[in-house]
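Enquirer: So the sequences go chain by chain: A and B. Heads up: the first sequence begins at 1 in this note's numbering, then just goes up one per residue. Heads up: the second sequence begins at 1 in this note's numbering, then just goes up one per residue.
Keep in mind the hints are simulated off the structure, nothing from the lab. You may find that some hints are simply not true.
Claimed, not checked - Coverage of chain B stretches by chain A, computed from C-beta distances (three or more under 8 Å per stretch; other residues unrestricted):
1. 64-76
2. 81-89
3. 169-180
4. 185-198
5. 213-219
In this text, a Cβ means the ideal position worked out from N, Cα and C, and glycines have one as well.
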Amino acid sequence: MAGGIVFGTLLAMGRLANLGPFSRVATAYVNLMRSIPLVMVILWFFLVIPLITGRPVGAERSALITFTAFEAAYYSEIMRAGIQSVSRGQVMAGQALGMTYWQSMGLVILPQAFRNMLPILLTQTIILFQDTSLVYAIGAKDLLKAAEIAGKNHNRPMEMYVFAAVIYFILCFTLSTMVKSLQRKIAIVR
Amino acid sequence: MNYHWNWGIYLEQIKGGGETYLSWLMTGLGWTVSVSLCSWAIALVLGFLIGTLRTAPSRRVARLCTAYVELFRNIPLLVQMFLWFFVVPEFLPHGLSMWVKQEMPAKEFLTASACLGLFTSARIAEQVRAGIQSLPAGQRHAGLAMGFTLPQTYRYVLLPLAFRIILPPLTSEFMNVFKNSSVAFAIGVLELTFQARQMQEDSEQGIETYLAVTLLYFICAFIANRGMSWIEKRTRIPGCIAAET
Numbered sequence: 001m002a003g004g005i006v007f008g009t010l011l012a013m014g015r016l017a018n019l020g021p022f023s024r025v026a027t028a029y030v031n032l033m034r035s036i037p038l039v040m041v042i043l044w045f046f047l048v049i050p051l052i053t054g055r056p057v058g059a060e061r062s063a064l065i066t067f068t069a070f071e072a073a074y075y076s077e078i079m080r081a082g083i084q085s086v087s088r089g090q091v092m093a094g095q096a097l098g099m100t101y102w103q104s105m106g107l108v109i110l111p112q113a114f115r116n117m118l119p120i121l122l123t124q125t126i127i128l129f130q131d132t133s134l135v136y137a138i139g140a141k142d143l144l145k146a147a148e149i150a151g152k153n154h155n156r157p158m159e160m161y162v163f164a165a166v167i168y169f170i171l172c173f174t175l176s177t178m179v180k181s182l183q184r185k186i187a188i189v190r
Numbered sequence: 001m002n003y004h005w006n007w008g009i010y011l012e013q014i015k016g017g018g019e020t021y022l023s024w025l026m027t028g029l030g031w032t033v034s035v036s037l038c039s040w041a042i043a044l045v046l047g048f049l050i051g052t053l054r055t056a057p058s059r060r061v062a063r064l065c066t067a068y069v070e071l072f073r074n075i076p077l078l079v080q081m082f083l084w085f086f087v088v089p090e091f092l093p094h095g096l097s098m099w100v101k102q103e104m105p106a107k108e109f110l111t112a113s114a115c116l117g118l119f120t121s122a123r124i125a126e127q128v129r130a131g132i133q134s135l136p137a138g139q140r141h142a143g144l145a146m147g148f149t150l151p152q153t154y155r156y157v158l159l160p161l162a163f164r165i166i167l168p169p170l171t172s173e174f175m176n177v178f179k180n181s182s183v184a185f186a187i188g189v190l191e192l193t194f195q196a197r198q199m200q201e202d203s204e205q206g207i208e209t210y211l212a213v214t215l216l217y218f219i220c221a222f223i224a225n226r227g228m229s230w231i232e233k234r235t236r237i238p239g240c241i242a243a244e245t
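Generate coordinates for the entire structure from the input sequences, incorporating the hints supplied.
Expert: This is how it looks when you write it as structure tokens:
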């Protein structure tokens with residue numbers, strides 16, 4: 001249930017990594033996505049996708065597409081910041097060595113940029129993991145919804161809510177602790 | 001794509017009531033803004049307090065505050081909403097618990113504001129701490145050398161500087177509060193998202209509904225952004241890099 005959604009978003013991360021925020025369209029897209037609440041985006045996609053494709057899609061699939069589109073905006077911002085954090089001299093050095101744009105990007109800039117932004121990227125993934133609980137709005141079955149249903153079936157809603165909270169906490173806390181130690185390990189020595 | 005457009009929908013009367021859909025949306029906007037502002041106030045006060053205490057010399061206090069921040073940061077907001085709404089009243093003393101469940105006025109609103117406020121306060125605390133730690137140690141030493149006590153050093157030297165440094169992230173946090181308030185629909189606050197869902201089901205004019213609501217959120221975020229950048233401009237320290245641009 002929750003796994004499918006999380007997996008889908010990880011996929012999205014890989015796929016949309018090089019969404020270029022260089023063009024105007026991309027900038028507008030990013031700004032739009034960042035300025036409306038995720039719940040609204042989820043509702044929008046749930047409404048609009050069936051209109052475009054002409055047939056209803058399930059809540060789970062709709063959620064998957066939504067998160068792909070939504071997170072693309074956030075990830076692309078992080079990528080941009082990461083690339084911009086590499087000093088200009090590196091680009092020039094790459095060019096001076098006779099590298100093409102793609103060579104210097106792939107061999108010089110991106111490895112450094114990636115190192116810089118990996119912690120933020122992972123943090124965003126943790127936030128994303130938490131945000132998946134919002135698909136509740138369209139009734140997709142994630143951890144929270146499942147907990148609620150289980151709670152209603154056994155007439156024990158309190159315990160199930162607390163249980164869901166504890167699971168989220170353990171997962172996120174472990175992940176963020178790992179990110180912190182990773183950050184210390186891979187930091188570029190200046 | 002065969003969609004039946006109807007742009008006049010906002011002004012149409014709702015069946016069985018004297019209201020228009022527009023008035024629904026406006027009520028929603030009102031609740032959204034009030035939940036956001038309420039929780040922003042809570043978050044600012046608590047966030048500054050806890051962020052400051054995290055840099056305090058006492059290990060135990062700092063650790064306690066770190067635990068607070070980690071707790072609120074690692075549970076999704078929606079789950080927290082449910083916890084506050086359904087679970088917390090159960091743990092109160094019996095009389096108070098009954099009062100909260102049955103008689104407390106504007107129960108959803110208060111729960112949502114408290115929850116969102118505490119959630120945001122953890123994030124602000126993190127920024128305040130980062131802001132204070134980014135100050136050169138000389139500032140603190142200078143304050144202490146002038147004969148200030150530690151609280152005075154914080155009050156007159158460190159916090160005013162840290163506040164200015166963290167203003168940009170605070171701006172985006174303020175915008176986040178507006179966005180996050182949309183989660184309050186889950187416990188039944190009649191805010192924008194709630195009204196949007198209701199209007200969409202009632203009128204079956206989904207695109208128009210969501211367009212209007214998206215626009216309203218956009219306006220909220222924009223006003224918040226402008227307001228904060230105005231404050232930023234007014235409180236800028238002359239001579240810093242930011243002052244020249």
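Enquirer: Does each hint fit the structure? Answer for all of them.
Expert: Consistency of the hints with the structure:
Counting residues of the segment 64-76 of chain B whose C-beta lies closer than 8 Å to any C-beta of chain A gives 6; at least three are required, and the coverage claim holds. Closer than 8 Å: that is the beta-carbon criterion, and the segment 81-89 of chain B has 4 residues meeting it against chain A, so the requirement of 3 holds. Proximity of the segment 169-180 of chain B to chain A, defined as three or more residues with a beta carbon under 8 Å from a beta carbon of that chain, is established by the 4 residues found. With 5 residues bearing a CB less than 8 Å from a CB of chain A, the segment 185-198 of chain B meets the requirement of three and the coverage assertion stands.
Counting residues of the segment 213-219 of chain B whose C-beta sits closer than 8 Å to any C-beta of chain A gives 4, which meets the bar of three, so the coverage hint holds.
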